[in-house]
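Sequences and hints are given; from them, build the entire structure.
Same order as they appear, the protein sequences are chains A and B.
In our numbering, each residue carries its 1-based index in the first sequence increased by 375.
In our numbering, each residue carries its 1-based index in the second sequence increased by 21.
Pairwise CB distance ranges, derived in the manner of DEER restraints:
{"#": "1", "chain 1": "B", "residue 1": "D41", "chain 2": "A", "residue 2": "K732", "range": "33 to 41 Å"}
{"#": "2", "chain 1": "B", "residue 1": "T323", "chain 2": "A", "residue 2": "S774", "range": "48 to 56 Å"}
{"#": "3", "chain 1": "B", "residue 1": "E168", "chain 2": "A", "residue 2": "G398", "range": "52 to 60 Å"}
{"#": "4", "chain 1": "B", "residue 1": "K120", "chain 2": "A", "residue 2": "D733", "range": "25 to 33 Å"}
{"#": "5", "chain 1": "A", "residue 1": "F776", "chain 2": "B", "residue 2": "E414", "range": "49 to 57 Å"}
{"#": "6", "chain 1": "A", "residue 1": "E695", "chain 2": "B", "residue 2": "R249", "range": "43 to 51 Å"}
{"#": "7", "chain 1": "A", "residue 1": "P521", "chain 2": "B", "residue 2": "M448", "range": "19 to 27 Å"}
{"#": "8", "chain 1": "B", "residue 1": "E387", "chain 2": "A", "residue 2": "N511", "range": "32 to 40 Å"}
{"#": "9", "chain 1": "B", "residue 1": "K120", "chain 2": "A", "residue 2": "S389", "range": "56 to 64 Å"}
If you're looking for bench data, these hints aren't it; they were derived computationally from the structure.
Ideal placement from N, C-alpha and C gives every residue a C-beta, glycine not left out.
So you can see what is in the structure, the chains are spelled out below.
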Amino acid sequence: MKSKKSVQSTKKVSSLRKIKTIGSITEFSMSHNGLTVLYSERKGSGIVTSNLVYRVGARDEERGETGLAHMLEHMLFKPTTYDMSRGTDSGAMLFERETGITLNANTWKDRTCYYFSYPAEYFERAVQTEAERMRNVVLTDAEFLPERTNVLSEFDMYAGDEEFALSVQMLGVALQSHPYGHETIGYREDIEAYTVEKLRRFYNTYYAPNNAVLVIVGDISERIMREVVLKHFGTIEASETLPLRLTVTEPRQEGERIVTVRRPSEKQMYGLGVIHEGFPSKQWFETMVIFDMLAGGEDSILHRMLVDTGKAIAVHSTLEPTYDRNIGMLFVTLSKKLSHEKAHAEILKKIHALTPKDIAPYLKKTIAKTIAGEIATREHSLGFAQELVEYVSSYSWESFFQSEIILKSITARDVHTRLHKLFSPDYLTIGYFKGTKE
Amino acid sequence: MTIHEHHTKGISLSTITRADERLALVMFSSHIHRPWDAYEEALRLVYTEALLAGAGPYDRASFIDTLSAHGVTLNVHHTNGALTISVSAIDSTVQVALKLFNAIIRTPHFETRELKRIKELVHNRLSLAKEDARACAYTHFSNTLTEAKAPHYLHDLDILRAKVLTITVKDLKKIHEHMLEQSWTIAIAGNGHTATQVQNSIHVLRKTFAYHENEINNIWNTKQISGRKVHLTDIPSKHNIELSVGGSLPLTRGDALFPSFVFGVSVLGLYGGFTGRLMSTVREKEGLTYSIYAQAERSTMTQTGFWRIMTFFNPKDAVKGMAATIREIQRMHEYGITEDELVRFKSILHTRRAMTNDSLQKKIREVHAYMLLGFTKETHGAFNEKLLSVTREEVNDVTHRYVDPYNLVISGAGPVETIRKEFKQFM
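This is the structure:
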């Protein structure tokens, strides 16, 4: 890994330079430390959402340290040096406990984000809290050890779910080199081996303004936004040792990969994984159309073929907006009428028999559902910001308003070609969850 | 956002408008008051599916295709005796959404062939539901406090599975007729134009299907218990033990003490976030669980309810976790809330209400929920005013009475066999 060269500046001049405006979003850059700000004003609601996105996620973790980004996310809610000098509890938690604002965070493959949603009167407090915890969280065993127990509790919550258990195994065999190949929460064995030193190293490496994008959406004027953001982030130095992200090309797959999970359970489940292109490329959207067509509701092909005939109880899919190529998965909860092997045979036969004529109506539906879905998600500042984060984490916020255009540029023939590429037998990952009596 | 109300015989209607809004939302509910038993519960599970299985000029396939082709979502579900149909569209598709909604109300098909498919689907789902530990823990908790004939009583899954297979088309037609005769509770949201379109459609429907006064007893108060009732269900395939812990609350939402109780239980475990005592002690300080919340449930303006803590523990932490939970219940019972908590939670609850102004979808859910509980905009406003002006004495008096560690229902589900003996001994 190479480090970025630092540019030594003798004079720190903080300013927020406007870069560009697309739709209702304006991009700014903080001159001396590289913080990016994406701002979208919404007058009248009285509410603001701020979401600070760090370009660090599961993909940046070493072997033996899986889930570290997520563990660190939990630790960002602990006291900072500022809180300690004030003699208070964690600023972030205090903010919520004193005011009732919405706060949370989440970690995913390419990013970790922290958000507050609050009445506009709390804007400065929100920005100050984010600025303070960017570099100053105090990482000690006293704070870390109980929190690790919480993360283990969270792990157990997921691990008890059959689909999660199956997807972890499928991920592991599908992506053998790329760091997307483990779940964001990590492996239990790695979580149990965390130390404060590992956390500190990760924190010091990745938490810096030049590795962050601050999204601000809501009822706050540009003037106040600039003043407050400059005041609290303007004094934070950029990192001079930010590593460049690894580029990992997954080795060529030569044949389908099959994995089986056996547990005591009533459930029988079949999983089918395919490797798709990164978000938000046209190819990713073609895959979205395919997954919607196959498992996106009661009118979907697999629902009609399997659930309506009593061969399955449910079908659905997962497709993540990741920067790099990743695995998308279809899951079928089987009834007693259909075995795993027969499900596999029937599903692939159906997929390979589809023609562009079959696909065309589904393409239209996906476009209609996407348009309506975006209107629903983006009608409130929290949903708007959360959706924007996924574009930010793929270095492509400019595409935030492009999904309808991209989808309308796709033809049924494009989808058909993509379908056959994705579901080519040699490139599949197949998962069987076999519930047993004991 | 502005909210207007309209109440006549057979309709309670709230309309939320926001200028230039593209979304158009409807939440339509009908409390179906019929004698309750396992067959009735099974019938309602089938009925909610059957409403989406063809109506008006659409068979099931074309109905669902039309929804998707226009990006309209239409869901039907049944909870606590009320059927709810939720519709989400945008301004350019609201006419299509209304056409589909009207078709469901006016002329659902209830075809024999579709009924066969639905019965098999529901039968299979109920089979898997046996491993839903959270639902299982809740069911036994709720049933301990509920009369068997009350519409909240949840029957044994194997019994329901058997009953589902005996549902007929005639049963579906009858329950649908019954639903149409009940009083309707409706919340609408959108811009002025779409809201008017929806309102007009609703009023025409009400004129078509006249309201009939309901004669069935609708009021089912929760049972009182004495001592600690422990129920553990073994589901060995799970990793965590899900828990519902709480007690009877002999207050309706109309009772003068109710706001004080809600305030107290919010301090104990306000749902969502980290503000409640349970989250800050059992989770944060002691690291015993990922989530633990408390709330008052089931009470309406005319019916009492219960209060409930919902959480889960790893089996190795289950006894310690329960000890910590009981400790917090005890602390609330004996000492109530502090002055600092009184001030803080007034601010917290005030902010929570303000946050609904950011989202039309949140707002309609809030309005619809309080309407179903029997509130109007005015009485709900008064309730919230009272909530934000409670005194510490009022809160501590009511929490002392009803947050009672000696009279509790504790229901757990998950891999309980390893800890059953130890757990019961502790309790």
